[in-house]
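There are 2 protein chains.
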Amino acid sequence: MKRGPKPRIGVRERLIARGLSRMHAVGFTATGVQEVVAEAGVPKGSFYHYFDSKEAFAIAVIDAYAAELAAPLQALLLDEVTSPTDGLAAYFRESAVQYGALGCLLGNFGTEMPGQSEVIRQRLAMHFDAWTRLVGAVLRKAQTAGELDAAADPDALAAFAVNSWEGAIMRTKVDRSMRPLETFFATFFGGVLRAR
Amino acid sequence: MKRGPKPRIGVRERLIARGLSRMHAVGFTATGVQEVVAEAGVPKGSFYHYFDSKEAFAIAVIDAYAAELAAPLQALLLDEVTSPTDGLAAYFRESAVQYGALGCLLGNFGTEMPGQSEVIRQRLAMHFDAWTRLVGAVLRKAQTAGELDAAADPDALAAFAVNSWEGAIMRTKVDRSMRPLETFFATFFGGVLRAR
Numbered sequence: 035m036k037r038g039p040k041p042r043i044g045v046r047e048r049l050i051a052r053g054l055s056r057m058h059a060v061g062f063t064a065t066g067v068q069e070v071v072a073e074a075g076v077p078k079g080s081f082y083h084y085f086d087s088k089e090a091f092a093i094a095v096i097d098a099y100a101a102e103l104a105a106p107l108q109a110l111l112l113d114e115v116t117s118p119t120d121g122l123a124a125y126f127r128e129s130a131v132q133y134g135a136l137g138c139l140l141g142n143f144g145t146e147m148p149g150q151s152e153v154i155r156q157r158l159a160m161h162f163d164a165w166t167r168l169v170g171a172v173l174r175k176a177q178t179a180g181e182l183d184a185a186a187d188p189d190a191l192a193a194f195a196v197n198s199w200e201g202a203i204m205r206t207k208v209d210r211s212m213r214p215l216e217t218f219f220a221t222f223f224g225g226v227l228r229a230r
Numbered sequence: 035m036k037r038g039p040k041p042r043i044g045v046r047e048r049l050i051a052r053g054l055s056r057m058h059a060v061g062f063t064a065t066g067v068q069e070v071v072a073e074a075g076v077p078k079g080s081f082y083h084y085f086d087s088k089e090a091f092a093i094a095v096i097d098a099y100a101a102e103l104a105a106p107l108q109a110l111l112l113d114e115v116t117s118p119t120d121g122l123a124a125y126f127r128e129s130a131v132q133y134g135a136l137g138c139l140l141g142n143f144g145t146e147m148p149g150q151s152e153v154i155r156q157r158l159a160m161h162f163d164a165w166t167r168l169v170g171a172v173l174r175k176a177q178t179a180g181e182l183d184a185a186a187d188p189d190a191l192a193a194f195a196v197n198s199w200e201g202a203i204m205r206t207k208v209d210r211s212m213r214p215l216e217t218f219f220a221t222f223f224g225g226v227l228r229a230r
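Protein sequences, first through last, are from chains X and F.
Okay, so the first sequence: first residue is 35 according to the working numbering, each after it adds one.
Okay, so the second sequence: first residue is 35 according to the working numbering, each after it adds one.
Some clues are possibly wrong.
No copy labels: a pair is met if it fits in one copy or bridges any two.
[To be verified] Pairs of lysine to any residue residues, derived as SDA-like cross-links and limited to a Cα-Cα distance of at most 25 angstroms, are as follows: (1) K88 <-> E47; (2) K88 <-> A59; (3) K88 <-> A185; (4) K78 <-> S117; (5) K78 <-> S129; (6) K78 <-> R46; (7) K88 <-> G149.
Since the hints were made in silico from the structure, they are not lab data.
Could you build all of it, start to finish, from the sequences and the hints given here?
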């Protein structure tokens, strides 16, 4: 009995992992589908079996990255031992160390893609919003724990923290120095949160 | 007497203006030299008369943008009437309105270029540093005028302001909303500076 080619388990995941690695390093435009399939060791036809276009592929890459970025915050919300503000500071610090040289994929795509793809712009906006809500939930927990002034607005502070962290990680990439992130930590966690 | 082609006055400037417009909108990689020369209405040979490479052209574009970004701050330093903090807030606000939809060219290139061009990365670092120093000088003036606590560090606050503004303008581009910038203004000018 003759059978058609059977998709191998893990091919989609392998393509996404290679794509994430390339797109994180050089962006959307400079990433070639050809090099992604070659690095993943799969035939080009397989790529189009899983993804309709490079744009659809980028959406899957963005989703994978956003899930990775959100996971520690979801864990922090369930953690009843760690101080929420200490946990949040550690989260931003560890993410900065992990991504520093490449920057944040959401921020990189955030400067590159809005003029090129409306569907990618909307996906980025959705993930930034979800991520900001998670940070806001951690800050609300901090407020309940008495670590943050009752009059503070956790959602506004979350939006400010996320965007300031994005700016700081961009500068870290340009300067090849962790100093912009140190300034962010000192000013936001040592200043903005304490002043409230 | 036969004469070689004589460079026309303004061709270099026209190329830079078109390049700035394209690169600001879509970035370095997605900008074609061909479309820039076509839009500027000059023959392709002229481009290479003025610039050795697309990279050298991008450096000239970055320099032109950085000069544009610095000019109002230089004027503010000489302005003896306007309050330095009010002037700085107005500067960030006006720049955000002017560039909002496209983001900041330095920030856009800051996420796109460090992995692609070391010479462009260094140029961006140089301009970010000069720009941050200018903001620091305005904050020092604010401190002398008694608008900022004597114990505050104007240079650290300047670095934080510049990077946070960069993050906010990136989010404005993604969200197609001025709200991230409003949060920046309220938190930085209404909070961080006042708390010092």
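We went through each hint and held it up to the structure:
With identical chains, the CA atoms of K88 and E47 are at most 25 angstroms apart within one copy only, with a shortest distance of 15 angstroms there and 36 angstroms across copies. Taking identical chains as interchangeable, the C-alpha atoms of K88 and A59 lie at most 25 angstroms apart whether they share a chain (16 angstroms) or sit on different chains (20 angstroms). Taking the shortest Cα distances, K88 and A185 never come within 25 angstroms of each other, neither inside one copy (46 angstroms) nor across copies (52 angstroms). With identical chains, the CA atoms of K78 and S117 are never at most 25 angstroms apart, being 48 angstroms at best within one copy and 61 angstroms at best between copies.
For the homomeric pair K78 and S129, neither the shortest alpha-carbon distance inside one copy (33 angstroms) nor that between copies (45 angstroms) is at most 25 angstroms. Taking the closest pair of Cα atoms, K78 and R46 come within 25 angstroms of each other only inside a single copy of the chain (12 angstroms); across copies the shortest separation is 43 angstroms, beyond that limit. For a Cα distance limit of 25 angstroms, the shortest separation of K88 from G149 qualifies both inside one copy, at 16 angstroms, and across copies, at 21 angstroms.
In the structure shown, a violation is registered for the earlier hints numbered 3, 4 and 5, in ascending order.
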